[in-house]
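Novice: The primary structure of each chain is shown beneath.
Number of protein chains: 2
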Amino acid sequence: MSEISSSFDSPLLRSHIGRALRSARIAQGQTLRQLSREASVSLGYLSEIERGQKEASSELLSAICDALTLSIPNLLLEVSRSMQNQMSITSPRPALAVISLDNTTCATAVNIEDAA
Amino acid sequence: MSEISSSFDSPLLRSHIGRALRSARIAQGQTLRQLSREASVSLGYLSEIERGQKEASSELLSAICDALTLSIPNLLLEVSRSMQNQMSITSPRPALAVISLDNTTCATAVNIEDAA
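Protein sequences, first through last, are from chains H and C.
Heads up: the first sequence runs through residues 2 to 117, numbered per our numbering.
Heads up: the second sequence runs through residues 2 to 117, numbered per our numbering.
Derived by calculation from the structure, the hints in this document are not laboratory data.
Treat the hints with caution; some may be incorrect.
Computed footprint of chain H on chain C; a stretch qualifies when at least three of its residues, placed anywhere within it, have a C-beta under 8 Å from a C-beta of chain H [stated by the list, open to error]:
#, region
1, 12-22
2, 50-59
3, 67-79
4, 82-88
Okay, the calculated beta carbon distance ranges per label pair [what the hints assert, rightly or not]:
#, chain 1, residue 1, chain 2, residue 2, range
5, C, 55, H, 44, 23 to 31 Å
6, H, 32, C, 87, 31 to 39 Å
7, H, 35, C, 45, 39 to 47 Å
8, C, 41, H, 91, 20 to 28 Å
9, C, 55, H, 27, 25 to 33 Å
10, H, 70, C, 44, 38 to 46 Å
11, C, 44, H, 32, 43 to 51 Å
12, C, 34, H, 35, 45 to 53 Å
13, H, 29, C, 82, 19 to 27 Å
14, C, 89, H, 49, 30 to 38 Å
15, H, 30, C, 46, 34 to 42 Å
16, H, 43, C, 12, 22 to 30 Å
17, H, 30, C, 33, 42 to 50 Å
18, C, 39, H, 87, 18 to 26 Å
Ideal Cβ positions, reconstructed from N, Cα and C, are used throughout, including at glycine.
Produce the complete structure using the sequences and hints provided.
Specialist: Have a look at this one:
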C-alpha cells in the first residue's frame with residue numbers, strides 16, 4: 002500500500018469529494034435543494050461541501066451518499082481516480098534533456114516515456 | 002457511479018480510514034509517537050484518528066499520509082476495499098429457502114449464489 006506520496010501536489014481530498022458528489026447529483030438531475038432536503042443537510046452547508054470548502058463528517062457523508070443512492074466505497078473509488086489523474090497532470094514524470102554532443106543544440110526536455 | 006447504498010450497514014468511513022492508517026504505520030514499523038512527530042499531529046489526536054474516534058481534516062490526512070509515504074488515492078482504494086468487504090459481510094445477499102413439495106423438509110436458507 003505504500004508509495005511515494007505527492008498528496009500536497011493535488012487539491013485537497015475534500016475538493017475531490019465535493020466534485021464527485023456534485024457530479025453524482027447532477028447526473029441524477031437533482032437540485033442542491035432536493036438533495037439537501039433528502040439528506041437533511043442545510044442547503045448552504047451542502048453547497049460548501051460540494052465546493053470543497055467544508056469537510057463532511059463521516060455521518061454527513063453517509064447521509065448524502067444514501068440520498069444519492071451512491072455507496073461510499075464507489076465514491077472513494079471515483080475520488081481516488083480523480084486524485085490520481087490530478088497528480089499525474091501536476092507531477093509530470095522526471096524529464097530527460099536531450100543534448101547534442103557538441104552542445105550547440107538542446108532539445109526541449111521531454112518525458113522519459115515520450116522519449117522511449 | 003450510482004449503486005444502491007448501504008453505507009449505514011457498515012462502520013463509518015473514519016473507522017475504516019483509521020484502521021488503514023494504523024495498518025500502514027504498523028507495516029512500516031513506526032510507533033504512534035514517531036508518526037505523530039513526523040506528521041506534526043498530537044499523539045492523542047493521532048491515536049483517536051486511528052481508532053475512528055475523530056475525523057481527520059483533509060490537511061491532517063495529507064500530513065499523515067505524507068509521513069507514511071502513502072498516497073491518498075492508494076489509501077482511498079484500500080478503504081474502499083475494506084468497506085466493500087465489510088458491507089458484503091454485514092449485508093448478505095437475499096436468501097433463498099429451499100422447501101420440498103410435501104413441506105416435510107426445509108433446507109437451511111442459502112445464498113442465491115451458493116444455490117446456483
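Novice: Can you take a look at whether the region 67-79 of chain C is actually covered by chain H? Rule is 3+ residues, C-beta closer than 8 Å.
Specialist: holds (count 12)
Novice: Is the gap between the beta carbons of residue 30/H and residue 33/C within 42 to 50 Å?
Specialist: Once the Cβ atoms are compared, 47 Å apart, the range 42 to 50 Å for residue 33/C and residue 30/H holds.
Novice: Note whether the CB distance of residue 43/H and residue 12/C lies within 22 to 30 Å or breaks it.
Specialist: holds (26 Å)
Novice: Please verify the coverage claim for the region 82-88 of chain C: does it have three or more residues whose C-beta sits within 8 Å of some C-beta in chain H?
Specialist: With 4 residues close enough to chain H, the hint holds.
Novice: Take a look at whether the Cβ-Cβ distance between residue 41/C and residue 91/H falls inside 20 to 28 Å.
Specialist: Holds, since residue 41/C and residue 91/H (Cβ atoms, about 23 Å apart) stay within the stated range.
Novice: Does the hinted range 39 to 47 Å hold for residue 35/H and residue 45/C at CB?
Specialist: For residue 45/C against residue 35/H, whose Cβ atoms are near 41 Å apart, the range 39 to 47 Å holds.
Novice: Honestly, do residue 89/C and residue 49/H meet the 30 to 38 Å range at C-beta?
Specialist: holds (33 Å)
Novice: In this structure, is the beta-carbon distance linking residue 30/H and residue 46/C contained in 34 to 42 Å?
Specialist: Holds: the Cβ-Cβ distance is about 41 Å, inside 34 to 42 Å.
Novice: For residue 70/H and residue 44/C, compare the CB-CB distance with the range 38 to 46 Å and indicate the outcome.
Specialist: holds (40 Å)
Novice: Can you let me know if the beta-carbon spacing of residue 34/C and residue 35/H is within 45 to 53 Å?
Specialist: Hint holds: Cβ distance 48 Å, inside 45 to 53 Å.
Novice: Using the C-beta atoms of residue 44/C and residue 32/H, is the stated range 43 to 51 Å upheld?
Specialist: holds (45 Å)
Novice: Does the hinted range 31 to 39 Å hold for residue 32/H and residue 87/C at CB?
Specialist: For residue 87/C against residue 32/H, whose Cβ atoms are near 32 Å apart, the range 31 to 39 Å holds.
The structure fails none of the hints (numbered hints given earlier).
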